[in-house]
Amino acid sequence: MKAEIIAVGSELLTPDRVDTNSLFLTAQLNRLGVEVTRKTVVGDELEQLRNAFGDAMERVELVIASGGLGPTEDDRTRDAVADLLGRKLQRDPAVMETIEARFRQLGRTMSEVNKRQANVPDGAAVLQNDRGTAPGLWLEDRGRIVVLLPGPPHELKAMFSAQVEPRIARLSTGVRLFARELRVAGMGESDVDQRIAPIYMRRQDVQTTILTAPGEIQIHLRKWSADAAGAEEVLQQLQESLVLVLGEAVFTVAGESMEEVVARELAIHRATIASAESCTGGLLAERLTRISGSSAYFLGGVVSYSNSLKSAWVDVTAELIESRGAVSAEVAIALADGIRRRTGATLGVGITGIAGPTGGSPEKPVGLVHVAIADASGSKERAIRYPGERDRIRWQASQTALDLVRRYFLYAAHPKNVVKG
-2 MKAEIIAVGS
8 ELLTPDRVDT
18 NSLFLTAQLN
28 RLGVEVTRKT
38 VVGDELEQLR
48 NAFGDAMERV
58 ELVIASGGLG
68 PTEDDRTRDA
78 VADLLGRKLQ
88 RDPAVMETIE
98 ARFRQLGRTM
108 SEVNKRQANV
118 PDGAAVLQND
128 RGTAPGLWLE
138 DRGRIVVLLP
148 GPPHELKAMF
158 SAQVEPRIAR
168 LSTGVRLFAR
178 ELRVAGMGES
188 DVDQRIAPIY
198 MRRQDVQTTI
208 LTAPGEIQIH
218 LRKWSADAAG
228 AEEVLQQLQE
238 SLVLVLGEAV
248 FTVAGESMEE
258 VVARELAIHR
268 ATIASAESCT
278 GGLLAERLTR
288 ISGSSAYFLG
298 GVVSYSNSLK
308 SAWVDVTAEL
318 IESRGAVSAE
328 VAIALADGIR
338 RRTGATLGVG
348 ITGIAGPTGG
358 SPEKPVGLVH
368 VAIADASGSK
378 ERAIRYPGER
388 DRIRWQASQT
398 ALDLVRRYFL
408 YAAHPKNVVK
418 G
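In terms of our numbering, the sequence shown has 175 at position 178, counting the first letter as 1, and numbering is strictly consecutive.
Careful: at least some of the hints might be erroneous.
As the list claims (entries may be wrong) - Cut-off 30 Å, straight-line C-alpha distance, at most; resulting in silico cross-link-like pairs (DSSO-like, lysine-lysine):
{"id": "1", "residue 1": "Lys112", "residue 2": "Lys85"}
{"id": "2", "residue 1": "Lys(-1)", "residue 2": "Lys85"}
{"id": "3", "residue 1": "Lys154", "residue 2": "Lys112"}
{"id": "4", "residue 1": "Lys112", "residue 2": "Lys(-1)"}
Unchecked claim - Cβ pair distances, simulated, as ranges:
{"id": "5", "residue 1": "Ile196", "residue 2": "Ala24", "range": "22 to 32 Å"}
{"id": "6", "residue 1": "Glu70", "residue 2": "Gly185", "range": "30 to 40 Å"}
{"id": "7", "residue 1": "Ala24", "residue 2": "Ala380", "range": "31 to 41 Å"}
{"id": "8", "residue 1": "Glu230", "residue 2": "Glu70", "range": "50 to 60 Å"}
{"id": "9", "residue 1": "Gln102", "residue 2": "Glu70", "range": "22 to 32 Å"}
Honestly, the hints are just simulated from the structure, not real lab data.
Heads up, the beta-carbon is just placed ideally off N, CA and C, and yes, glycines get one too.
Let the hints inform the model, and build the full structure from the sequences given.
Right, here's the structure in full:
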């Protein structure tokens, strides 16, 4: 079965609101074996709504919409669909009583406009809303299904799970989506594709998508099948082939974030970590501590923006800063080693750079960042120039720092892993 999602609301066509319901609906539909082929955002104009639903019903068997079921005059989804299907809107007494009961329960007086929410197209099945006043609707017409859901996410999710999902599941042919997600660090999108294209191009039965994100490349493998064991075997074989050619650049095959991977490695090795950051402004510490249980491995960190605090807090000598510059390999190493010594952590991480848009020079341009990691045996440093705006540069720097920690543990079992050099 193929489906389209329509997000209704003129506010979604402004920079003030983002449609997040379609993400939830896509995930749930894919899990049920329904392929989402298109998503549309449409305003509250009646004719535009009518056209959006009419066009979608010409293309797919299932149309699911969110929004436009409220009590005000600009909530026109019911009216547009009823008009499109040639159905009359009738005031449903049972729905009316449910809405009135909800207002009584809340101790509020129901406004006259709320009665509009009890208008139901002929032949529609009412989907009860346990978290709001707007009921959902399930309509069938000439082999097509139209589902209307309320816009507030907490209402939509509860209604879909309790009342829409069971109905769709009964229509399932057994075909569903199987997926894998690999994430890669330290390589660009074109480099990744050049390596893996000869492999995934041989598997026309698997949809392979390569996406770029700050500090990482994501490889999505998707296969529709009614044979669960066969699909998983195909994806596993393809995944193993991709990992073989990409090597240690693959940091997860489970769609995890880099901080989740690093947290697991720190826990496994019973290691601790501390950070001294300049240009990232505490972003590395924030990412390390967003994982529950991070107090077991993260001892603390400092944001030493000024040169004087680099010296006072992390023991970076003024002479070193004067001779090499605050943005240098030597200062990054000193930050990493200084915070390690100060906290007693297994690993210290130091970051210094120029996030921009000002402050660059021909010798040290905007985007230049030095990241260092230190343990009791020595240190390792990486200098990278990142493209993009300030926030993107800062995020990529924190990603590189986490990746250095990941690779440290990747080689922890080998003597050559000493971080010197």
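Exercise. Taking each numbered hint in turn, which are not upheld by the structure, reported in ascending numerical order?
Worked result: 4 and 6
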